[in-house]
Structures are given as C-alpha cells and as structure tokens.
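Sequence order for the protein chains is A and B.
Positions 1 to 324 (the working numbering) are the ones given, in order, by the first sequence.
Positions 1 to 324 (the working numbering) are the ones given, in order, by the second sequence.
Careful, some of the hints might be misleading.
[Stated by the list, open to error] One-sided excerpt, in silico: chain A residues whose CB lies under 8 angstroms from chain B:
#	residue
1	Arg153
2	Val193
3	Val199
4	Asn204
Because the hints were derived from the structure by calculation, they are not lab data.
Idealized CB from N, CA, C, for every residue including glycine.
Number of protein chains: 2
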Amino acid sequence: MTVVTAFAPATVSNLACGFDVLGFPLESAGDVVTARIVASGVRIDDIEGDEGRLPRDARRNTAGVAVQALLDRLGEPRGIALCICKGLPLSSGLGGSAASAVAAVVAADAALGAGSTLEQLILCALDGERIGAGSAHADNVAPCLYGGLVLVRRPNPPDIIRLPVPPGLTAVVVHPALEIETSRARALLGETVPLADAVRQWANLGAFVDGLHRGDFAQMARALEDAIAEPRRASLVPGLSAIKRAAAEAGALGCSLSGSGPSLFALCASRAVALAVERAMLAAVATQIGGASRSYVSPLSARGAHLIESASHAREAGAGRLPE
Amino acid sequence: MTVVTAFAPATVSNLACGFDVLGFPLESAGDVVTARIVASGVRIDDIEGDEGRLPRDARRNTAGVAVQALLDRLGEPRGIALCICKGLPLSSGLGGSAASAVAAVVAADAALGAGSTLEQLILCALDGERIGAGSAHADNVAPCLYGGLVLVRRPNPPDIIRLPVPPGLTAVVVHPALEIETSRARALLGETVPLADAVRQWANLGAFVDGLHRGDFAQMARALEDAIAEPRRASLVPGLSAIKRAAAEAGALGCSLSGSGPSLFALCASRAVALAVERAMLAAVATQIGGASRSYVSPLSARGAHLIESASHAREAGAGRLPE
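Using the sequences and the hints given, assemble the complete structure.
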C-alpha cells in the first residue's frame, strides 16, 4: 500500500488583460490531498474544510474525476482513495477546484509510481476542473501544476509558457465575504464580445508580456486593464470601482477580479507597496462590502504543486487483496 | 520657401494574431511626398503612380487631411502644397494610405520647421488614414512612422511599443494581382466575435511577444495564427489555404494576409529560408490566382519614415506673399 500527500496552491487567474490565459500561484494557501492505492476505482474517503458542501461521489467531485482520468490514461487497474483537505474557501475565485484536482493527480500519480509528465497530468486535472467549474481554460490548473506566471497558449494539447517575473513583483489578494459561482459569472460574459473590446484586450496582453520581459512596471500598469470580463462582471462585487481606486491610490500597478471573483488581486512593484495596497484594499472592502475578508500578500510563486509527505510501503503479499 | 521630401515605407499590418495592433515596415517599397510651403490651406499639386484614381481634393485625400490636421494642431497660418509619388499599388494591403499620410506630415512638419514629436505626428497621420481606410487602427501608421516591429497598445493617446526582432527574422510579401478595398474587408468582420476566438487570439499574441523576446522561432510559429480576421476574409483571396500551405512547406514560420489583403506576408527565420518561401508563394499564387504578382523579401525594417532631400531657402522678404 502506498500513501502520498500533495499540496497544490491557490491561483490567481483571469489576470485582467489575460482573461482565460494568464495565472500564477500564491505561495502558501492551497489544498492538500492524500492518495492511497486501493483495489480498484476512485473514491473519496474524506473531505475537510468544505463544511460538507462538496460531492463525496467521486464521479461528481473535481479531484475524483481528475484521478479517474489519470487511471484511464495509465490503463491502471488499481484504484485510488482520496482524502481532501480544502485550504481554500469554496467559490472564492482562487482556483479551489483546480487545486483539488491538481493535488489529487499529483498525489495519485506518485502513489502509483507512474511518473507522468506535467503535460499528461494537466489534461487529467482539466477533466476534473471541468466538473467543478463548468468549463476548463487551464489558467488555474496550469500555474497550479507548473508554478510561475503562466500563459496558456493552448490547453489541449497543452502549450504552457512560463513568463518572466520582474524582481519585486508582488501580488495582493483580498477575498471578501462573498461567494460567486464560476458558472454564473461565466454566463454574464455571453458567447460573443465586441471586436473593438477584443482588440483592446490583446493589445494590452501583448504590452503586458513585453513589459514583463523588460521589467517595465509603468507599461505593465497601463496594460493591466480588462476590456472583456471585468466590465461584464462588475455587478458581482459591490463597490468594485472604489476598491480598485483604493488599490491604485496606494500604488498598485493594477487591480482586478481573480478568476470569476469575488477575490480581487492587485499587482505591485514591491512587497512594501503590496503591504500598503493590502491595507487600502481591506479598508475599501470593509466599507463597500463589510464582513470578514481574508487577504494574502505573496510573490508570484515559482513553485507549483508538490509532494509534502509520502509513506511508501511494499505492497503486501496477495496483491489483489483490498488494502482497506 | 521651403521644400522638403520624405519617404514613408510600406507596412505589413494585422500580423496574424496581432490583428489591428502589430505591424512592421518593409525596407525599400514606399511612398514619397514633397511638401512645399504656400500662403495658406492644403492643396495637392500632383499625384504620380495612382493612374489618376486618388482624390486631388485635399479634403478627401489621406495626405491632404493629415497635413490639415498638422496645420490645425500647430495653429499654423501658412499652408502646404503636396506632390505625392505612390510607390505602392492601391488597395494592396501594404499600408499605402498610411504611407502617404505619414510621408506628408513628416515632410510638412520639416518644411514648417515645427519639430513635432512622433506622438503628435501619428495623430495627424491617423486623421488622414481615417479618410483613406474608413477606420484608423495605427498598425500601419505607427510602424510606418516609428520603424521596427511595433505594437500599438493604444492609438490615441498613442502608446506605441517597439518589440524586439530576433536576428535573422525576415519577411516575405507577395502582392497578387487583386485589389481589396479595406472598407469591404472590414465589413466582413462584423462588430462582434466569438469570445472563444478572441481568447485564442490573445493567447497567441502573448505567446508571440514572448517568443520574440526569447528568439523562440518554434513558439512564434505556433502563435502565428489569426483566429479572427483571416477566417472571415479568406474568401477574398482565392486559394489562400494552398498558398499558406506552400509557405509552410517551404519553411515559413507563418503566413497570413497583410492588412486586409490581398497581399500575403510570411515570416521566416532567415533570409535564405525567406527566398525559398518567396519562390514557393509566387508559384502557388500563379497557380491559384494567376496574373502578375509583385514580391518583396525584407527584414522587419527598423527605419520608419525619413527625409530624403530637402531644399531650405530663406523666405523672401514680404512674408505674406504667395510663394508660388
């Protein structure tokens, strides 16, 4: 029997001009999943930290579906039992379903000794996220798995690009006391967008990528504008413009919704600025929304999902036996 | 009286994933405009190379409108007479109206000794191009004026970014014996686009800009895909897919319409590859379209519009006199 535990970080995605294609992990917040080999099938043994709200049926659980995809891909006759510890609030816009799916496939792959590539694991995790989020764009799953500031040129087959992160660049994330279902936020977007808005978006994304390479914070700030999703989702977060203004006045390069919200991220040129921006955003959120907010100040972490402990035992004699 | 002549290069714009925002000049093809100070107003004294088809009325001529915008901006009481020598075929997709507008404002500004900045000149040229092309996106005017591979983050106020050009990168342009009106090509696009196509476009543009910075030709090749304009305009160029295939088989990184066509551009990793691609594209165009094609092989020229000769004379005494 082999038991392996993996951590997968929270991720900021839909990075303003990088809607559906840009994301990065936070340093410490995330989900922890333990995978244990069982005779066959996928099951969820336990979920902590979800207040009983996530499906225990593996076929409807993001981590369960992801691991089933891995078993199918490997042609693996054995099964996996999962224990999921949610370190992220549900429907927060911080890639919680991606983190569960990624931690589960990383742990399960290690438990099985399969040594799958990141390209293989990402496709399995995407299968899982599709269950959780209603669609899968890989801008949470890819940075969660690979680490770093990631551009998803194409989710399948995966064409994942790690962009340079200028020294000092620091993220602030504030999670107000709201919940937004990803599927509801996506429905606000509609199926088409004005061409003029789309052109503005890709002009900004090109400028943002160029600014990253040259460490040009002023250009990055000008480019950190979402012409597509944020205007259509602004109603989901009361006082969004006031919160953005507070971030800007405190020195943020830009501030927008993380994922489909309600979490907001800001990018800052240094940790010192980020700490001031965090205070300003928390104050604005308290005024505009109230309730208890969580906040994080983090570099754009270079580290993706990884094993945090593993107990590997020789399988007992009588291999087909249920290891329960 | 002061007479100044300027050259402004042909430009490739709508660079596949860079629709409306990316462009670069060719090295030698372009328009030449001579500006001469007159007492007041703007007039077109002569146009060569247009077979009599461009408006001689300065208020309807792209160069005339651009120079009027310059005079207005300067609060200049004197006027300008223009002689325009078209080095580019009309409606070719190579930025002919931008070249005339840019050469005219560069020549007129020098004739007047005004010393306007590029940011000021671009806005005047854009006013002119709006007359010629029905809309103005600056992805011809900006590279024509600034030189280099240019990203237009915003046309007004101008936010123009010169992107790095990896050593060896060479353009092929083939202009088949077709004419396409920019306004007709634009009408094919419609006002809205599917969000999924737009996301694919900005993912590609981000990857292309990253590839330029890292000199990663393989990534640039994957990203040189137009999810927006080319599929909607393909019917304007018979056999487009066969021509693109010929370019790819000869080693091009990518091939698409220049501007709104009918010219096609290909980007290649070296001049040697570009020469082979030029042959392959010309052969395919001969088969698919027939007629006489022009072609160019050029680096992504770093040089924008510039003065090529100027005769500066002290103004005669009796300043208000018509210098005719």
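Against the structure, the hints come out as follows:
no.: 1; hint: Arg153; in the structure: holds, 4 angstroms
no.: 2; hint: Val193; in the structure: holds, 5 angstroms
no.: 3; hint: Val199; in the structure: holds, 5 angstroms
no.: 4; hint: Asn204; in the structure: holds, 7 angstroms
Consistency with the previously given hints is maintained throughout, with no hint failing.
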